[in-house]
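Novice: Keeping the supplied structure of chain A fixed, place chains B and C upon it in accordance with the hints.
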Amino acid sequence: MKRICILLLSCLLIVTSLIVLPGCKQDRVVLNIYNWGEYIDPDLLVKFEKETGIKVNQDFFETNEHMLAKLEGGGSYYDLIFPSDYVIEEMIKKDMLHKIDLNNIPNFKYVGDRFKNLNYDPDNEYSVPYFWGTLGILYNTEMVDEEVDSWDILWDEKYAGQILMLDSMRDTIGVALKKLGYSVNTTDPDKLEEAKNLLIQQMPLVNGYYVDETKDMMINGDAAIALNWSGTAMDIYWEGADYIKFVVPKEGANLWFDCMVIPKTSKNKAEAEMFINFMLEPENAYQNSLYVGYVSPVTEVFERIMQENPEVADMDAYNPSEEVLDICEVFIDLGDSRPLFNEVWTQIKVH
Amino acid sequence: MVKFLKRFYLSLIFIFLYAPILVLIIYSFNESKSRGHWGGFTLKWYGELFRDRDIIKALYYTFLVALLSSIISTVIGTFSAIGIHNMGHFGKKLALNINYLPVLNPDIVTGIALMTLFISLRMQLGFLTMLLSHIMFNIPYVILSVLPKLKQMNKHTTEAALDLGATPSYAFRKVVIPEIMPGVITGALIAFTLSIDDFVISFFNTGPGVTNLSIHVFSMARKGVKPSINALTTLMLLTVVILLLLINKRTTKGDELIP
Amino acid sequence: MKNRAKFLAYPYLVWMAIFIVIPLFLVLFYSLTKGNIHDPSSLSFSLESYARVFEVNYLKVIWKSFKLAFISTLFCFVLGYPVALIISTVKAKYKSILLMFFLVPIWMNFLLRTYAWMSILSPNGFINRLLSFLGLPTLSIMPGQTAVVLGMIYNFLPFMVLPIYTVLSKIDRSVIEAAMDLGANKIRTFFNVIFPLTVPGIISGITMVFMPAVSTFVISRLLGGNKELLIGNLIEQQFTVQRDWHFGSALSIILMIMILISMAVMSKFESDNDNGGAPTW
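Residue numbers (the numbering used here), protein chains in the order written: chain A, 97 to 447; chain B, 3 to 261; chain C, -15 to 265.
By construction, these hints were calculated from the structure, which means they are not laboratory data.
Virtual Cβ for every residue (Gly too), placed ideally from N, Cα, C.
There are no misleading hints in this set.
Simulated crosslink set (SDA-like; lysine to any residue; CA at most 20 Å straight-line):
1. B/Lys95 to C/Phe(-9)
2. B/Lys8 to C/Ile70
3. A/Lys143 to B/Asp54
4. C/Lys51 to A/Val446
5. A/Lys189 to C/Gly19
6. B/Lys225 to A/Asn131
7. B/Lys46 to B/Leu240
8. B/Lys59 to A/Val126
9. C/Lys79 to B/Leu14
10. B/Lys228 to A/Gly133
11. C/Lys44 to A/Gln443
To give a feel for the contact side, a few chain B residues facing chain A, derived at Cβ under 10 Å:
12. Phe120
13. Arg124
14. Met125
15. Gly128
16. Asn207
17. Pro210
18. Ala223
Chain B residues, not near chain A, derived (Cβ > 12 Å throughout):
19. Arg9
20. Leu12
21. Ile15
22. Ile17
23. His91
24. Phe92
25. Asn99
26. Ile100
27. Leu103
28. Leu152
29. Pro184
30. Leu196
31. Leu237
32. Leu245
33. Ile249
34. Arg252
Isolated chain A (complex conformation):
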């Protein structure tokens, strides 16, 4: 009996040490970041590690809603997150973020003024801009020979089975609202009901509701039209597939800003701020923008890429004109209407 106990104990000891040992190696700081998929050049993470000795672990989320659910669920502690505008609003209201000390981020000066002091964070106390862009239609000119300028094409039966929508609540519902001529931020239940019905009507024509899958499917020709963000279009463009074009429809769309924020659960605020500063370094921002495809808020990076590639100056995906920006709305936090939107979204998905 005694021997068995000793055997058991020794087994447990060996096993415990096996568990603890990998943890011991990490007496240096590890930064856990939570980001969109393919939203950072991995080489930059390696570079950051070399320069500062801080290891970076990256976890991915598909949409803001996924990210919020994970954070609010508890149990996950991240040091840096990359949410969008309306989400930052919500996170600030719920006191989920550390205040960022801009004194630790001298490279903040490189950020263009039009990205500072925006509505969701008027004094830039909690967020630092990362990428920005618009929402629009990606289409394959080899499969679509008409001019694309309206959301209507996403409801066109000619392209049944070749239409990709976004598995993102605000974006997809927003498109339906815009098509109906309403604001993307409306909380009127009747208007939402209309949008819901419109989307349910569309379902037989839709190939699927994706996020990460879109880019590859468009390049492979698995689909002809996709609802997606401007940066995906640029990413595809940089990869050489110039037959895939992007347009912001005339009914208007969404203008968005993604920023870096530090959640309150982080214990490595100083290191997180170092990372933010690192990402705003023009050389790094330049490398990042080319890899990811999205447009940097750092002015000299934005202009440098335009100089090196003059054709992008005319592209909606890279440099939307004043007219385009005028018809775009920024999402705002829905506040108490969040459950209403959630319910509408679920109703659409289960149909």
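Specialist: Relative to the frame of chain A, chains B and C by itself:
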């Protein structure tokens, strides 16, 4: 005629089972990334597979967790099986029914239930929670493998050994353990296999930086074709075939293959 | 020995209480409450999550899951039973090799198998390329319900074959010989002797296919384009996107109850057929 039909049908089924995997294997040698055309034979995707930090990390955690969890669950499971075997009727029934729950429950319910537990305890989701989850769903299978062997065992043998002067621990080592060993090994193998393949439970109970093969493939699968995954499939197939051939050679009876 | 040996189980009993019983109770608790889960004081008793489950749209999801799982299980049975039969009648030296090759796909990672199927079925995937090469019209089954069912059959077929084969291989040859001696031809022998004896194996197989099929979310997610929401997807969504733990818990409990009922029904079948089990002498 009948024989021909039998063989034909069997071949059809085998084609059905292997075709997707074989297609991936072929693509793993394709120079061109696209699924459309054949760009030429290349081994570069295998090189890229070994350079891909994320895949290596996923494989590392997969094997580490599977190994640790199968060892721990086998030890705990074996001793617990012995204990349960010696319990009174009602206690035994109750223990077995509760033990059987994770086996019966769909894994999504088990995964969510565990996640709820860890979060209520304010634990940080990560390696430890993933390991604990694996141990949790492995132990029942070990017990289910060892218990029948215990039942089959002639209990009088142990008593005879004790009568002949053996100490309880000696009797245990020399009499009980050899009898139940096949069950223990089977249990350990099942635990290992289940851990390696697990997706849902790990998905809900892991944390930043900790991942496993299934979770990694899940996120990769949605980003489109990644040729290094094709290379990984080929290597996995090779490994499994070699392993099974080895096991087959070692056992004289074919039915040992069935867990 | 006996008295002391049972103490070996006590640590595990504690473990089970913590890791099996309590989590399920927590899920049950959340399913019966509403409010912020992180703020225990805000929680109050409510049946509204369960009420939601019975809304038409959600019932449709549950129905769809059962329908697809049923179809897959049926196909697995129809396709798999002959396989088990054929392998069991093959010459002994080929048996283990055949069986081994049948097992290989199971040992390969489940996600990889589903991913392989995605590759084949996609609009520009292998099957469509082959079809257009042969001048035939292309299929657009992925993403969609058909693709999901195919994925289920593909993943779970071996799990139907194995239990049936196991039972088949244990059938005493002399029983079959006796039947034939008594004048039954092959077909009658099969339907009246062999098939009834394999019922426990069939029940096992059905369980091992139906249960994961009805609760999967991976297969429907990867092969369904996020349009074919099954109960597993719905549950997953509540926890990963919708932040509605109460509704997700209610759905989980309902799923669990439905599966437990199905298993109870099936084990009733098994005990009814106890006389048809493999002979013990």
